[in-house]
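Novice: With these hints in hand, go ahead and build the complete structure from the sequences.
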Amino acid sequence: MQTFAVEVKGLTKKFGSFTALDNLNLNIALGTVYGLLGPNGAGKTTAIKILCGLLRPNGGEGYVLGKKVPNRSILPEIGYMPQETALYLDLTVHGNMALYGDLFGLSRSRIAERESELLDFVALQKWKDSLVSNLSGGMKHRVSLACSMIHEPKLLFLDEPTVGVDPELRAAFWEYFDLLKKKGVTIVLTTHYMDEAQHCDRIALLRQGQLLAEGTPGDVIKSAGATNLEEAFLALAKREDGRS
Amino acid sequence: MNIHRALAITRRIFRGLRRDRRTVALMFLAPIVAMCVFGLAFSGDVEDVKVVVVNLDAGFTHPELNVPVSFSQAIVSNFDKEVLKVDPVADVEEGVRLVREGSAYAVIIFPERFSESLYMKSQNPSYSGDTTIQVREDRSNVNVANAITKSVSDAILKTAQDVGQDLPMKVDAEDAIYGKGAKFMDFFVPGIMAFVVFMLTTLLTLISFVGERTSGNLERLQSTPLRESELVVGYAIAFSIIGMLQTVVLLVIGVAAFDIMIVGNIVLAFAVIALLAIVSLSLGILLSSLAKREAQAIQFFPLIVLPTFLLAGIFWPVEAIPGWLRPLSYAIPPSYAVDATRSVMLRGWGIGEIWIDIVALCGFAGAFLIVAILSLKRGRR
Ligand SMILES: Nc1ncnc2c1ncn2[C@@H]1O[C@H](COP(=O)(O)OP(=O)(O)O)[C@@H](O)[C@H]1O
Ligand SMILES: [Mg+2]
Numbered sequence: 042m043q044t045f046a047v048e049v050k051g052l053t054k055k056f057g058s059f060t061a062l063d064n065l066n067l068n069i070a071l072g073t074v075y076g077l078l079g080p081n082g083a084g085k086t087t088a089i090k091i092l093c094g095l096l097r098p099n100g101g102e103g104y105v106l107g108k109k110v111p112n113r114s115i116l117p118e119i120g121y122m123p124q125e126t127a128l129y130l131d132l133t134v135h136g137n138m139a140l141y142g143d144l145f146g147l148s149r150s151r152i153a154e155r156e157s158e159l160l161d162f163v164a165l166q167k168w169k170d171s172l173v174s175n176l177s178g179g180m181k182h183r184v185s186l187a188c189s190m191i192h193e194p195k196l197l198f199l200d201e202p203t204v205g206v207d208p209e210l211r212a213a214f215w216e217y218f219d220l221l222k223k224k225g226v227t228i229v230l231t232t233h234y235m236d237e238a239q240h241c242d243r244i245a246l247l248r249q250g251q252l253l254a255e256g257t258p259g260d261v262i263k264s265a266g267a268t269n270l271e272e273a274f275l276a277l278a279k280r281e282d283g284r285s
Numbered sequence: 022m023n024i025h026r027a028l029a030i031t032r033r034i035f036r037g038l039r040r041d042r043r044t045v046a047l048m049f050l051a052p053i054v055a056m057c058v059f060g061l062a063f064s065g066d067v068e069d070v071k072v073v074v075v076n077l078d079a080g081f082t083h084p085e086l087n088v089p090v091s092f093s094q095a096i097v098s099n100f101d102k103e104v105l106k107v108d109p110v111a112d113v114e115e116g117v118r119l120v121r122e123g124s125a126y127a128v129i130i131f132p133e134r135f136s137e138s139l140y141m142k143s144q145n146p147s148y149s150g151d152t153t154i155q156v157r158e159d160r161s162n163v164n165v166a167n168a169i170t171k172s173v174s175d176a177i178l179k180t181a182q183d184v185g186q187d188l189p190m191k192v193d194a195e196d197a198i199y200g201k202g203a204k205f206m207d208f209f210v211p212g213i214m215a216f217v218v219f220m221l222t223t224l225l226t227l228i229s230f231v232g233e234r235t236s237g238n239l240e241r242l243q244s245t246p247l248r249e250s251e252l253v254v255g256y257a258i259a260f261s262i263i264g265m266l267q268t269v270v271l272l273v274i275g276v277a278a279f280d281i282m283i284v285g286n287i288v289l290a291f292a293v294i295a296l297l298a299i300v301s302l303s304l305g306i307l308l309s310s311l312a313k314r315e316a317q318a319i320q321f322f323p324l325i326v327l328p329t330f331l332l333a334g335i336f337w338p339v340e341a342i343p344g345w346l347r348p349l350s351y352a353i354p355p356s357y358a359v360d361a362t363r364s365v366m367l368r369g370w371g372i373g374e375i376w377i378d379i380v381a382l383c384g385f386a387g388a389f390l391i392v393a394i395l396s397l398k399r400g401r402r
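Order-wise, the sequence lines are chains A and B.
Under my numbering, the residues of the first sequence are numbered 42 to 285, in order.
Under my numbering, the residues of the second sequence are numbered 22 to 402, in order.
Think of the hints as simulated: they come from the structure by calculation, not from any bench.
C-beta: ideal position from N, C-alpha, C; glycine also.
A portion of the hints provided could be inaccurate.
Said to hold, decoys possible - Per label pair, the in silico range of CB-to-CB distance:
#	chain 1	residue 1	chain 2	residue 2	range
1	B	Phe330	A	Leu210	52 to 58 Å
2	A	Tyr234	B	Val54	33 to 39 Å
3	B	Leu346	A	Ser174	42 to 48 Å
4	A	Thr268	B	Arg399	46 to 52 Å
5	A	Ser58	B	Arg43	40 to 46 Å
Specialist: Encoded structure:
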């Protein structure tokens with residue numbers, strides 16, 4: 042029986058001589074919210090792109106839904122929200138959502154249903170027919186999130202989903218992620234806001250392509266002898282530097 | 022290959038265009054402007070050239086008919102009035118001065134006793150009077166100068182005919198096998214059609230794909246079940262339709278404003294243009310992988326346009342290109358489209374005659390498409 046949504050074994054990615062991911066090992070259980078944490082340049086985006094089949098690793102392997110990546114057969118099951126807004130500015134909100142609905146082979150009526158549900162969730166119902174270029178940064182971000190979920194994926198990869206989103210909506214996002222989790226959806230997200238990670242079932246702390254710590258947020262804090270994740274990260278980073 | 026996904030891409034391109042008036046204007050106004058400006062400027066017909074005539078010939082009285090006769094005046098009156106705007110001047114110095122100061126392109130000088138000498142010569146070939154018409158041109162503009170020389174020669178022939186002194190031989194090019202009565206525009210429209218579609222399709226896909234890459238949209242697309250081949254085919258469908266629409270616009274204006282000749286099966290011409298659009302968009306996609314930003318992409322552009330402009334046979338035939346450059350003409354895809362559309366429209370040729378062009382274009386399209394798809398896949402390193 043498949044128990045992990047994602048398994049990563051010794052994953053390594055180099056860009057030229059620069060090592061962006063260094064021998065990463067992770068297991069992400071089905072139906073959990075998993076956070077990849079770390080400062081900019083830690084390799085979070087690189088890891089997600091490899092798992093979505095957008096980049097090839099130089100070493101090690103990643104398994105997504107039991108299949109070794111890259112693998113086209115998992116693509117209908119996963120949703121990917123890139124770190125950049127990645128929307129067509131010359132299309133309306135509806136135009137963007139319909140495009141992804143079409144690409145996942147949804148029927149017209151199904152697209153309309155999903156669009157309505159998702160726009161309610163991101164509170165953009167009345168912007169449905171506005172051009173994306175006329176929306177604010179935060180609104181674009183919400184459209185982007187909605188686009189990645191149009192096909193009800195089993196596994197969601199969200200790259201910095203809460204950046205530039207106001208606190209109220211951010212809270213709503215986390216509530217929604219909990220709701221999805223209850224439906225059995227696995228969510229892998231990245232963030233560089235340490236405080237947010239409290240909402241995750243488990244987290245991985247990344248730094249310079251290496252795994253500093255892994256576990257529930259509480260475990261990670263405890264193992265570092267700290268009181269919050271921010272402190273824990275700094276303590277673990279210092280420990281790591283002392284070792285090398 | 023899932024055609025629904027390809028069509029989803031096609032639909033998104035058209036949806037985007039519906040909101041993007043500027044691009045649509047570029048797509049349809051640029052071809053019209055290009056056709057009119059180039060068409061009128063290059064129309065090849067030199068007109069309204071100022072020349073001055075110094076007529077030292079006073080005419081003479083025909084000894085048999087006993088009437089005053091001036092062959093010089095007859096020749097001048099036979100000048101093509103569309104080409105030459107003739108002003109008489111009194112003497113050679115004045116005429117030469119006008120050419121020197123740029124007021125006229127040539128001074129045409131009839132010698133003294135021209136008419137009389139001409140008559141005497143016709144009676145007695147060994148007569149020694151001066152019957153040379155001197156045309157002193159400003160040859161700094163060769164096209165204009167050649168038009169003057171031709172106009173004068175034509176007038177001489179016509180005058181000789183008028184007075185029954187026809188040459189014992191002549192050339193008759195009236196009964197053309199193809200393109201009977203064709204004007205420059207008839208030759209030009211098929212060329213500019215191919216050029217415009219090639220240029221705009223390459224430019225627009227180039228810009229569009231740089232956008233797909235830099236915005237992150239390409240990666241998002243690649244995380245869906247969409248295949249690279251479906252993405253490219255979606256673009257190909259959209260841009261062949263756009264290319265054909267551009268062709269329709271150009272043909273309608275060509276027929277309405279320039280009364281161009283279309284003797285062949287126009288559907289075949291559309292098919293050729295659609296093929297060319299596919300070649301061009303593949304090229305655009307390829308170039309987009311070399312450019313990191315839109316601004317860089319634009320820099321490639323002259324590299325595409327200039328050789329095409331000069332070598333594809335749009336303004337002058339490939340035969341007019343120096344032999345050592347001609348292989349280049351055959352290496353650029355629009356050459357085949359220009360040749361094929363021209364053959365269809367002016368010669369009325371069918372697939373049986375233009376198949377070589379079609380095969381060449383299909384070859385380019387296939388090869389470019391494959392390389393474009395590979396270049397997109399290569400992004401996933
Ligand atoms: N295509 C690339 N070419 C070269 N270096 C890259 C490329 N993508 C990412 N990097 C580098 O790899 C490191 C990790 O990047 P990334 O995974 O985006 O980090 P994060 O998402 O954690 O901020 C960064 O130092 C970045 O500069
Ligand atoms: Mg990142």
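Novice: Each of the hints needs a verdict: does it hold here or not?
Specialist: A quick look at each hint next to the structure:
For Phe330 (chain B) and Leu210 (chain A), the Cβ-Cβ distance of about 53 Å falls inside the hinted range of 52 to 58 Å, so the restraint holds. For the hinted restraint 33 to 39 Å between Tyr234 (chain A) and Val54 (chain B), the CB-CB distance of approximately 53 Å leaves it violated. Distance hint for Leu346 (chain B) and Ser174 (chain A): a CB-CB separation of about 45 Å, consistent with the stated range 42 to 48 Å. Judged by the Cβ atoms, the range 46 to 52 Å given for Thr268 (chain A) and Arg399 (chain B) holds: they are separated by roughly 48 Å.
Checking the proposed 40 to 46 Å range against Ser58 (chain A) and Arg43 (chain B) shows it holds: the Cβ atoms sit about 44 Å from each other.
In this structure, only the earlier hint numbered 2 is contradicted, and the remaining ones agree with it.
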